[in-house]
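> Here are the chains, one letter per residue:
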Amino acid sequence: MIERCEMSGCGLAGIVNRDGKKISGKYIYDSITSMKERGNGMGAGYAAYGIYPDMAEYYAFHVMLDDLDVESEVKAVLNRFFKIVKSEIIPTKSVPSLYKKTKPPVFYRYFVEPKEDAKLPLESEEDMVVRSVMTINDGIEGAYVISSGKNMGAFKGVGHPDEIGDFFEIKEYEGYIWLAHTRFPTNTPGWWGGAHPFTLLDWAIVHNGEITSYGTNKRYVEMFGYKCTLLTDTEVAAYLFDLLFRKHRLPIRAVFMAMAAPFWKDVDYYKEIGMERLFDVAKMIRTVYAPAMLNGPFAMLFAFKDGVIGFNDRIKLRPFVAAINGDTVYMASEESAIRVVCKEPEKVWMPKAGEPVIALLNHCKEEDVCYPAE
Amino acid sequence: MEVKQVSENVYEIVCGTVHYKELNTKIKDLVKAGAEKIILKEVYGQRYIGTGIKESVKIDIYGTAGNDLGIFLYGPEIEVFGNAQDGVGNTMMAGKIIVRGHAGDVCGYGMRGGKVYIEGDVGYRVGIHMKGYKHLIPTFIIGGKAGNFFGEYMAGGRLILLGLNRKPGEDIVGDYCATGMHGGVMYIRGEVPQRYLGKEVRVFEVDEEDMKILREELKGFSEAFSIPVEEILSEPFTKIVPVSARPYGRMYAHRWGIASGLIK
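Residue numbers (the working numbering), protein chains in the order written: chain X, 1184 to 1557; chain A, 2 to 265.
Since the hints were made in silico from the structure, they are not lab data.
Do not rely on the hints blindly, as some may be mistaken.
[Unchecked claim] No farther apart than 30 angstroms at their CA atoms in a straight line, the calculated lysine-lysine pairs in the DSSO-like style are these: (1) K1535(X) to K200(A); (2) K168(A) to K1219(X); (3) K213(A) to K1454(X); (4) K1448(X) to K42(A); (5) K1526(X) to K22(A); (6) K200(A) to K1219(X); (7) K1448(X) to K168(A); (8) K1302(X) to K1354(X); (9) K1286(X) to K1204(X); (10) K42(A) to K1454(X); (11) K1526(X) to K200(A); (12) K1258(X) to K1219(X); (13) K240(A) to K1354(X); (14) K1430(X) to K1298(X); (15) K22(A) to K1284(X); (16) K1269(X) to K1454(X); (17) K1209(X) to K1219(X); (18) K1219(X) to K22(A); (19) K1410(X) to K1205(X).
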């Protein structure tokens, strides 16, 4: 299996309405398409939250099938874990320019309810969902779960962002959080499963850059039962978030301190200036979560049901711009991609390296955002 | 993309989301046809504006200028009424760029001539590997603050950082300032914490000679943004210069070369 990370000039964009108001997919489509130049047509994708309000209580599985024949196998696995409430083909539109590159797989979506008796002893519901995703991705050839959260979904494939957006009719969806990505794969194959976003439960990640610590991170998450099957480095970041955020229940800032850890000289400086507590915490996180540190150049957007968080590697080797206008927060690789959909934001800034931009919904407090919510 | 003639030799282009290739070709065609001023409206991140033109033309940009604004610039004057993105003045040779807003990362990279004036802040790695050659002295002036790696590996030219919008307690520049610097000079309005500075540089107070240079260099900036030179000079400046012209000369050198005096 090819296991190399990706080096790229990708582009990313994210929009969140902190009031939870629905935004048409048109905006994220225009934003990411304005950065077409950052990709090469070998991968693009979208993640949207709040798109299935009528089925909000069920896990929405978006599954990519190389062949329609494996659908029965997917259904068999799902039936072991869940009651399938609804299953359907995800509607797509014909985009001829796409077919010149690759033959698109078939996309299915399932709305499922976990079976209480399918849980292993001590296993939480979320753990079981994760296990079912790993079972399908690892066990069924030609089937990949591309998203598995509630009231959200990922849409991705090989193409430019406008092609993929048209293919999935992104403009027809309405969500309160949107992520988008355009890809320029260099180290790993450009295939439908390798496009961003990468998701697990309701985490979604889009990423520009290269995780040079992929080997270390991969071995680390594998110790906790995650399986890296999508041939790219970004996947590992999604699993790390799940591990640190949901399973270990670290506070948001601690998660980002682990992933884009401050340099030891800066940690020592905290002590010099009398910030003893921060010094202790930083030292502990760096020590305990050393294998969770992401090295290499990157900018990443990370979304979940409560908001979007954007962050950079610790020496800012990839571009990242953020803006606020009223209740809407925008993040992107280039300022122009924000201005294309919001001409005069109230505030535009270039965040510092390693410093996360945390845009949570108004009703969420940072300290309350912990998984699973209790 | 809409093009119209405003007056003799003055053209206006409404850019929208047109591809940069189309836009830059149009600009070049207009210059060839004798345009002296080109006004670009509704610019949304089009890249490489101003490159490949030797004629002295004025380009006004309204909107957000895209990456590598004025890359390899060789004469034109560019004025941005808005913000600029990454790579302003990349490997620029001659001409002038004025940005009435902020600019992104890696501006002035490898710049070897001309002037760049930024009204607001700049991002990371600004002025890295700036260089000069004989009569060619590039000048990069920033009205606001700068991020990390400011002037890293700087080899020549003048980097002037003013921090006019700085709030009390705020750093004017980030970490790894002037790391590996081996030529040129940096003037910073205020003090730079020692822990941010590379080992390769030394800090001095400005002397009369420096004040003469500053007065001369700040003239253009002062005119562009209507800030009196005296007001800018009302606070003390720090001068940063390299200790050695070849800080890494010995790093991979053979012992024999050092012993024989060939490598200093």
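> It remains to establish, for every hint, whether it holds in the given structure.
Consistency of the hints with the structure:
For the hint linking K1535(X) to K200(A), the alpha-carbon distance of about 23 angstroms falls within 30 angstroms, and the restraint holds. Among the hinted pairs, K168(A) with K1219(X) is inconsistent with the structure: their alpha-carbon atoms are about 38 angstroms apart, more than 30 angstroms. Between the alpha carbons of K213(A) and K1454(X) the distance comes to roughly 42 angstroms, so the proposed pair goes past 30 angstroms and is violated. Straight-line distance between C-alpha atoms of K1448(X) and K42(A) comes to about 47 angstroms, which puts the hinted pair past the 30 angstroms bound.
Distance restraint check for K1526(X) and K22(A): the Cα-Cα separation of roughly 23 angstroms lies within the 30 angstroms cut-off, and the hinted pair is therefore satisfied. At most 30 angstroms may separate the alpha-carbon atoms for a hinted pair to count; K200(A) and K1219(X) exceed this at roughly 41 angstroms. In summary, the hint linking K1448(X) to K168(A) is supported, as the alpha carbons are separated by about 25 angstroms, within the 30 angstroms threshold. The suggested pairing of K1302(X) with K1354(X) is violated, with an alpha-carbon distance near 38 angstroms, which exceeds 30 angstroms.
About 36 angstroms separates the Cα atoms of K1286(X) and K1204(X), which puts this hinted pair outside 30 angstroms; it is violated. Our distance criterion of 30 angstroms between C-alpha atoms is broken by K42(A) and K1454(X), whose separation comes to about 51 angstroms. Distance hint between K1526(X) and K200(A) is unfulfilled; the C-alpha atoms sit about 44 angstroms from each other, more than 30 angstroms. Of the pairs offered as hints, the one joining K1258(X) and K1219(X) is violated, with about 37 angstroms between alpha carbons and a cut-off of 30 angstroms exceeded.
The straight-line distance between the Cα atoms of K240(A) and K1354(X) is roughly 55 angstroms, outside the 30 angstroms bound, and the hint therefore fails. As the CA atoms of K1430(X) and K1298(X) are separated by approximately 21 angstroms, the hinted pair is consistent with the 30 angstroms bound. Proximity of K22(A) to K1284(X) is assessed by CA-CA distance (about 24 angstroms); at most 30 angstroms being required, the pair is judged to hold. Our distance criterion of 30 angstroms between C-alpha atoms is broken by K1269(X) and K1454(X), whose separation comes to about 56 angstroms.
About 15 angstroms separates the Cα atoms of K1209(X) and K1219(X), which keeps this hinted pair within 30 angstroms; it holds. For the hint linking K1219(X) to K22(A), the alpha-carbon distance of about 13 angstroms falls within 30 angstroms, and the restraint holds. Our distance criterion of 30 angstroms between C-alpha atoms is broken by K1410(X) and K1205(X), whose separation comes to about 34 angstroms.
Violation of the numbered hints given earlier is confined to hints 2, 3, 4, 6, 8, 9, 10, 11, 12, 13, 16 and 19; the remaining hints are satisfied by the structure.
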